[in-house]
Amino acid sequence: MSLYKYSFWEVLKHCFSAEVWERVLPAIGETMYMVAISSVFVLIFGILLGLVLVLTSKEGLMPCKPVNTVLGAVINCFRSLPQVIIIIVMLPVARALVGKSYGSNACIISLVASCVPLFARLVESSLLELDKGKIEAAKAMGSGNLRILFTIMVPETLPSLIRAFTNAVVIVISMTALAGSFGAGGIGYIAVTYGYTRYQHDLLFATILVLIVIVQAVQIVGDTISKLILKKRHLI
Amino acid sequence: MQEKFIEVKQLYKTFWNKKQAVGVLKGIDLEVEKGEIFGIVGFSGAGKSTLVRCINRLEEPDSGTVRIGDSLISSLGKNELNEQRRKIGMIFQQFNLFDSMTVAQNIAYPLKLTKTPKEETEARVDEMLELVGLREKKNAYPGELSGGQKQRVGIARALANRPDVLLSDEATSALDPQTTLSVLDLLKEINKKLGLTIILITHELEVIKYACHRMAVMESGKLLEQGTVKDIFESPKCETARNFISVYDRFRSDHWQEETE
Ligand SMILES: Nc1ncnc2c1ncn2[C@@H]1O[C@H](COP(=O)(O)OP(=O)(O)OP(=O)(O)O)[C@@H](O)[C@H]1O
Ligand SMILES: [Mg+2]
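Chains A and B are the protein sequences, given in the same order. Residue numbers for the first sequence follow the numbering used here, so the first one is 677 and each next one is one higher. Residue numbers for the second sequence follow the numbering used here, so the first one is 125 and each next one is one higher.
Please note that a few of the clues may not be correct.
Label-pair ranges, simulated between beta-carbon atoms [what the hints assert, rightly or not]: (1) B:Gln302 with A:Leu911: 20 to 28 Å; (2) B:Glu246 with A:Val765: 33 to 41 Å; (3) A:Val765 with B:Lys150: 40 to 48 Å; (4) B:Asp373 with A:Leu724: 53 to 61 Å; (5) A:Cys753 with B:Ala298: 55 to 63 Å; (6) B:Trp140 with A:Tyr778: 14 to 22 Å; (7) B:Glu157 with A:Leu724: 44 to 52 Å.
Only pairs whose alpha carbons sit at most 25 Å apart, straight line, appear in this in silico SDA-like list of lysine to any residue [to be verified]: (8) B:Lys202 with A:Lys907; (9) B:Lys239 with A:Ile905; (10) B:Lys202 with A:Lys903; (11) A:Lys907 with B:Lys261; (12) A:Lys908 with B:Glu260; (13) B:Lys236 with A:Met738; (14) B:Lys239 with A:Thr827; (15) A:Lys808 with B:Lys143; (16) A:Lys741 with B:Lys143; (17) B:Lys236 with A:Glu812; (18) B:Lys236 with A:Lys741; (19) B:Lys236 with A:Asp807; (20) B:Lys202 with A:Leu834; (21) A:Lys903 with B:Tyr265; (22) B:Lys202 with A:Lys908; (23) B:Lys202 with A:Glu735; (24) B:Lys261 with A:Leu911; (25) A:Lys808 with B:Glu260; (26) B:Lys236 with A:Asn821; (27) B:Lys211 with A:Met738; (28) A:Lys741 with B:Glu184; (29) A:Lys908 with B:Met225; (30) B:Lys236 with A:Lys903; (31) A:Lys741 with B:Leu182; (32) B:Lys236 with A:Thr869; (33) A:Lys908 with B:Gly271; (34) A:Lys808 with B:Leu269; (35) B:Lys239 with A:Lys907; (36) B:Lys236 with A:Ile704; (37) B:Lys239 with A:Lys903; (38) B:Lys143 with A:Gly736; (39) A:Lys908 with B:Glu328; (40) B:Lys242 with A:Thr732.
No lab work stands behind these hints, which were simulated from the structure alone. A quick note: this is a predicted structure, and the numbers were derived from the prediction, not measured. Glycine included, each C-beta is placed from N, C-alpha and C at the ideal position.
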């Protein structure tokens, strides 16, 4: 149904029809798959790189200027590229890694490449918010660096880390939609092929609704968990 | 001659601020006997915090030695230093409790570092809670406690491993007078009961007068005067000490404000 032929309300009504959802539902599945796998990778690598950034910084527990500078520079390089360009740049990498440069798995690689640097910076700023006094207290008790990292720095900043991860997932979702237009499938693919190329605006509306609902859900879950932890610790 | 328990010799520390050297410790010599509460008083910026932080090497001194008991702190390797630090408790102005842990977990943290068995840890946590009078707060989070209660937890945590020394950096400076007194009473009590040696940093002379056996006056990175609290109060030799005492006296003078018209 195109907005050029039908009224806005008719199109909107039709976007809840079975016909539309037959197409959209499988796409949701694909999107969820890509978002879930990418988020796991983003979580793992983002945390690792973020921790390394904080540890090796000048005021960190194990200052190491070369590592910090090089890692920071690489992260900034990725961060300065628009997401479309990262997707294009990662196509050959994806082909080398998963055998083809289109499809969900190829998409996951560019999602990870673009969101890990972002999340690493978010992790870094969360950890830097931690009161230095707590780290000093642990040091004064004779706690080693890695132990301080995992028993003090991460647990103390957990609510903030969760919020950072929530933001990262939201960006992963929006990027998945973008990658859809590069043959990755999922919601983005539907929006581009039907909504843009074929003027099937009922499908376009459906994808918009789905994206809004997913992002809201992620945001609410993340914020709630973070708040519950703060409440438990009586910090709010 | 009898050896002192804590011995700091010719300690120097310089910070670099934009390529400009700021001498913070300029040859500190300090001796503290076992089982005494030793106060160090000085105005803001005198270098008091830097001095205690050099004692457990939260700050690395440029030169000089620190000895506690048989162990030459200033020449220890990293692992040995961590081991020694477990025998040096420290409490802070901002308490520095871990918000992600309950009171009991905070107190148990140093015990984990020494791999204390579980039952012993539990018993020790209870004993420490009893000592600082916070038994009913065992499972509370620091976020639920008042400043005074937080500092008590800080003290319990610092003492959990039965250290020989307690370093206190302005531990009462964020507390109201009544709470300050109760925390000082607690420090005096554990000093007597456990024979703990305490180095107590403060810029409040009344704290020293109330709690310390001996004291030192610090100014611009140097210890100007050391002696028993009574001696220094009765016949201060350096200008800074006289200054401190005159401020102290002025606060206590019985001079009333005239009523405004
Ligand atoms: N990490 C640092 N880098 C540069 N300068 C420092 C550093 N730490 C302390 N200083 C400087 O050293 C001097 C002494 O600081 P210190 O904290 O030891 O004083 P203090 O006697 O504890 O003062 P206060 O009563 O305010 O706590 C100050 O002039 C401070 O600016
Ligand atoms: Mg200080």
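Results of checking the hints against the structure:
1. A hinted range of 20 to 28 Å holds for the C-beta pair glutamine 302 (chain B) and leucine 911 (chain A), which are about 26 Å apart.
2. One distance hint, 33 to 41 Å for the beta-carbon pair glutamate 246 (chain B) and valine 765 (chain A), is violated here, with the actual separation near 56 Å.
3. For the pair valine 765 (chain A) and lysine 150 (chain B), the supplied restraint of 40 to 48 Å is violated, since their beta-carbon distance comes to about 57 Å.
4. At roughly 59 Å, the beta carbons of aspartate 373 (chain B) and leucine 724 (chain A) sit within the given window of 53 to 61 Å.
5. Evaluation of the 55 to 63 Å hint for cysteine 753 (chain A) and alanine 298 (chain B) yields a failure: the beta carbon distance comes to about 45 Å.
6. Distance hint check: the CB atoms of tryptophan 140 (chain B) and tyrosine 778 (chain A) are about 56 Å apart, inconsistent with the given range 14 to 22 Å.
7. Between glutamate 157 (chain B) and leucine 724 (chain A) the CB atoms are about 49 Å apart, so this pair conforms to the stated range of 44 to 52 Å.
8. For the given pair, lysine 202 (chain B) sits about 38 Å from lysine 907 (chain A) by alpha-carbon distance, which is inconsistent with the 25 Å threshold.
9. With a C-alpha separation of about 28 Å, the suggested pair lysine 239 (chain B) and isoleucine 905 (chain A) falls outside the 25 Å cut-off, and the hint is violated.
10. Under the criterion of a C-alpha separation no larger than 25 Å, the hint pairing lysine 202 (chain B) with lysine 903 (chain A) is inconsistent with the structure, at around 39 Å.
11. Straight-line distance between C-alpha atoms of lysine 907 (chain A) and lysine 261 (chain B) comes to about 17 Å, which keeps the hinted pair within the 25 Å bound.
12. Restraint check for lysine 908 (chain A) and glutamate 260 (chain B): satisfied, since their Cα atoms lie roughly 18 Å apart, inside the 25 Å limit.
13. For the hint pairing lysine 236 (chain B) with methionine 738 (chain A), the CA-to-CA distance comes to about 22 Å; that is within 25 Å, so the pair holds.
14. Of the supplied pair hints, the one linking lysine 239 (chain B) and threonine 827 (chain A) holds, its CA atoms being roughly 15 Å apart against a limit of 25 Å.
15. Between the alpha carbons of lysine 808 (chain A) and lysine 143 (chain B) the distance comes to roughly 24 Å, so the proposed pair stays at or under 25 Å and holds.
16. Restraint check for lysine 741 (chain A) and lysine 143 (chain B): satisfied, since their Cα atoms lie roughly 19 Å apart, inside the 25 Å limit.
17. With a CA separation close to 17 Å, the supplied pair lysine 236 (chain B) and glutamate 812 (chain A) stays within the 25 Å bound.
18. Restraint check for lysine 236 (chain B) and lysine 741 (chain A): not satisfied, since their Cα atoms lie roughly 32 Å apart, outside the 25 Å limit.
19. Taking the CA atoms of lysine 236 (chain B) and aspartate 807 (chain A), the gap is near 22 Å; set against the 25 Å cutoff, the hint holds.
20. A C-alpha spacing of about 29 Å is found between lysine 202 (chain B) and leucine 834 (chain A), which places the hinted pair above 25 Å, so the restraint is violated.
21. Taken as a hint, the lysine 903 (chain A) and tyrosine 265 (chain B) pair is honoured in the structure, with Cα atoms around 15 Å apart against an allowance of 25 Å.
22. Restraint check for lysine 202 (chain B) and lysine 908 (chain A): not satisfied, since their Cα atoms lie roughly 36 Å apart, outside the 25 Å limit.
23. With a C-alpha separation of about 18 Å, the suggested pair lysine 202 (chain B) and glutamate 735 (chain A) falls inside the 25 Å cut-off, and the hint holds.
24. Simply put, lysine 261 (chain B) and leucine 911 (chain A) have alpha-carbon atoms about 16 Å apart, close enough for the 25 Å limit, and the pair holds.
25. Of the supplied pair hints, the one linking lysine 808 (chain A) and glutamate 260 (chain B) is violated, its CA atoms being roughly 29 Å apart against a limit of 25 Å.
26. For the proposed pair lysine 236 (chain B) and asparagine 821 (chain A), the alpha carbon gap of about 15 Å is at most 25 Å, so the pair holds.
27. Between lysine 211 (chain B) and methionine 738 (chain A) the CA atoms are separated by roughly 24 Å; this keeps the pair inside 25 Å, and the hint holds.
28. For a cut-off of 25 Å, the pair hint linking lysine 741 (chain A) to glutamate 184 (chain B) stands: about 19 Å separates their Cα positions.
29. The hinted pair formed by lysine 908 (chain A) and methionine 225 (chain B) meets the criterion: a straight-line CA distance of about 10 Å does not exceed 25 Å.
30. Restraint check for lysine 236 (chain B) and lysine 903 (chain A): the C-alpha separation of about 29 Å exceeds 25 Å, so the hint is violated.
31. Straight-line distance between C-alpha atoms of lysine 741 (chain A) and leucine 182 (chain B) comes to about 21 Å, which keeps the hinted pair within the 25 Å bound.
32. Taking the CA atoms of lysine 236 (chain B) and threonine 869 (chain A), the gap is about 59 Å. The hint is violated against a cut of 25 Å.
33. Restraint check for lysine 908 (chain A) and glycine 271 (chain B): the C-alpha separation of about 19 Å stays at or below 25 Å, so the hint holds.
34. A hinted pair counts as satisfied when its Cα atoms are at most 25 Å apart, and lysine 808 (chain A) with leucine 269 (chain B) qualifies at roughly 21 Å.
35. Between the alpha carbons of lysine 239 (chain B) and lysine 907 (chain A) the distance comes to roughly 31 Å, so the proposed pair goes past 25 Å and is violated.
36. Annotation: proposed proximity of lysine 236 (chain B) to isoleucine 704 (chain A) is violated, straight-line Cα distance about 47 Å (limit 25 Å).
37. Proposed proximity of lysine 239 (chain B) and lysine 903 (chain A) is contradicted: the alpha carbons are some 33 Å apart, above 25 Å.
38. At most 25 Å may separate the alpha-carbon atoms for a hinted pair to count; lysine 143 (chain B) and glycine 736 (chain A) meet this at roughly 21 Å.
39. The hinted pair formed by lysine 908 (chain A) and glutamate 328 (chain B) fails the criterion: a straight-line CA distance of about 37 Å is larger than 25 Å.
40. Only pairs whose Cα atoms come within 25 Å are accepted, and lysine 242 (chain B) paired with threonine 732 (chain A) is rejected, the gap being roughly 34 Å.
Comparing the model with each numbered hint stated earlier shows that hints 2, 3, 5, 6, 8, 9, 10, 18, 20, 22, 25, 30, 32, 35, 36, 37, 39 and 40 do not hold.
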